[in-house]
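Undergrad: As you go down the protein sequences, you meet chains H and L in turn.
Every number in the working numbering is 116 more than the matching position in the first sequence, counting from 1.
Every number in the working numbering is 65 more than the matching position in the second sequence, counting from 1.
The set of hints was computed from the structure by calculation and includes no laboratory data.
Here the structure is a predicted model, which means the values were calculated and not measured.
Treat the hints with care, as some may be off.
[What the hints assert, rightly or not] The calculated lysine-lysine pairs, modelled on DSBU-like cross-linking and capped at a C-alpha distance of 30 Å, are:
1. 159/H to 252/H
2. 159/H to 125/H
3. 239/H to 147/H
4. 324/L to 147/H
5. 252/H to 391/L
6. 324/L to 127/L
7. 217/L to 127/L
8. 147/H to 223/H
9. 189/L to 144/L
10. 159/H to 391/L
11. 150/L to 130/L
12. 324/L to 113/L
13. 147/H to 189/L
14. 147/H to 159/H
15. 159/H to 223/H
16. 324/L to 252/H
17. 217/L to 239/H
18. 150/L to 127/L
19. 223/H to 130/L
20. 239/H to 189/L
21. 391/L to 189/L
22. 113/L to 217/L
23. 239/H to 223/H
24. 147/H to 252/H
These are the residues of each chain, in order.
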Amino acid sequence: MVAAEFFSKEWADAVRDALTAGPDERARAVKLQEYWDFFDWLKSVYPASWALGCRDLPGASAAYLFVQWDGGTVTDCRIIGPDDPPPTSPALFNATYVLGMDYRDWKALHDGYDAQRTVMYRKITLEQGDLLEFFKAIYFFVESLAVIGAVPAAYA
Amino acid sequence: MTERKSPTAVLREGPRALSDAQVREIEDSSLEEVLHVDIDDVIEYVHKDLRSLPDFTTLYRKYLKQRWDVYDLDFSQDKIDWQEKMTEEERQSFIAVASGFHHGERQVEIELPVFMIGASEEEKLHIAAQIEDEARHTVFFDRFYREVVGLKGDDIMDILDASFPWVSETFVAPFGLLAYQADELRLHPYDERARVRYGTNYFLWIEGVLALSVMKVTLSYARWRGFLPAYYTGFTATCRDESRHVQGGMRYLQDAVRKDPTMISEIHDTLRTILSVSGVVSRRIYYEPLGWTDDEVRVLFFQQLRRKLNDVGIGLSPDLEELLQKVQPVLAGG
């Protein structure tokens, strides 16, 4: 099976399914159930949306993966840009949190770089949104970032 | 050296006053003499000046007197203790705790420079000294992991990579928040409200609560068992450095609230975020081989938080009190 191109519609569809399914059994097995109970609770009540940017998508300008959460599931997951640049995209600016990451760091995440360190080392940064509110669900975000990173993708 | 108490004795003892001789011993000890200083006295010393906090120039002058050379430490006995005297359970517990510090010291070193931009000239001296302290503490752990634990690597990041598997997933809450708060300050270095939120996480929570509590766990173990003398010496000297950082940080927060009482809401909002994610753990750290239980460590956290807030005169809102009650474990038999 050929992996979908990174930041393509097919890849966004696969991300939507993976996020809705959540971390797999192997990921769950190495952390305590109380951590996952907290994660599952956050997921079930999380009302926000993310616009996860790739600042330097090869051959294009910045593009965003828009993810809307509601009732524990992803209700919208699509690519915004590069032909739909951010200033003209109402969906992007309606995102609760806009984050950005360079292409090489997206690739590193896909190759297995730790999602927690991706945040701590500011490889992904928060560009818009309430920082303190964002961190109330930080475990949910980090685990979801790891899930996104694990979705098969073809990089340039 | 005073009588060796059990590691958790301090939980039952509560606050106590240090004698002038004890204060002199802590303040004036050379690096070699720090081996004989009781870690509980150093932690108590952190609180000594919180009610009448020293100014930043005084803290800078203390730094100049207390600065130590991390390359003066000789880890050869520690290596023997680690390999021949400590049990595998003790080593695993110790490294699980120490790895948080290994990465934490690196984080607080690199996230601090942006806070200096919006500081007063006197505070800049103190922050510059603190950055140098944190760099030295980073080297201290790099040496400990190489020379005692035996991790291999060509540079500092190699050793950080090698110890990262022991770092808990919940580490990202305070330290990821700090990284993003530093980013916020990089964009808006004179935003006083953002500075107070940053200071609450860095100085009150990470340094005043997490660091001092977890320092005590490994240091009281080393003292109690008579193991790891270079670790005890270097990390107790680190704790003395942290006392200046916490005092400077509390001074900053106290001044900010006195100047503008509405700043208390920034402190509360930051604590609300921190406490809302602090009641959960992702992996069990077995503190028992080091003489602690998980609940005792968490009780220590919240004792440290309450003492800092009380000493500098920062009250909690009712909802924060409720949140604190919810996440704070009850110490069995305490």
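Undergrad: If a hint holds in the structure, say so; if it doesn't, say that too.
TA: A quick look at each hint next to the structure:
no.	hint	result
1	159/H to 252/H	holds (12 Å)
2	159/H to 125/H	holds (24 Å)
3	239/H to 147/H	holds (24 Å)
4	324/L to 147/H	violated (45 Å)
5	252/H to 391/L	holds (16 Å)
6	324/L to 127/L	holds (26 Å)
7	217/L to 127/L	violated (36 Å)
8	147/H to 223/H	holds (25 Å)
9	189/L to 144/L	violated (38 Å)
10	159/H to 391/L	holds (21 Å)
11	150/L to 130/L	violated (35 Å)
12	324/L to 113/L	holds (24 Å)
13	147/H to 189/L	violated (42 Å)
14	147/H to 159/H	holds (17 Å)
15	159/H to 223/H	holds (26 Å)
16	324/L to 252/H	holds (29 Å)
17	217/L to 239/H	holds (25 Å)
18	150/L to 127/L	violated (37 Å)
19	223/H to 130/L	violated (48 Å)
20	239/H to 189/L	holds (28 Å)
21	391/L to 189/L	violated (38 Å)
22	113/L to 217/L	violated (41 Å)
23	239/H to 223/H	holds (11 Å)
24	147/H to 252/H	holds (19 Å)
Hint compliance for this structure: hints 4, 7, 9, 11, 13, 18, 19, 21, 22 are broken, all remaining hints hold.
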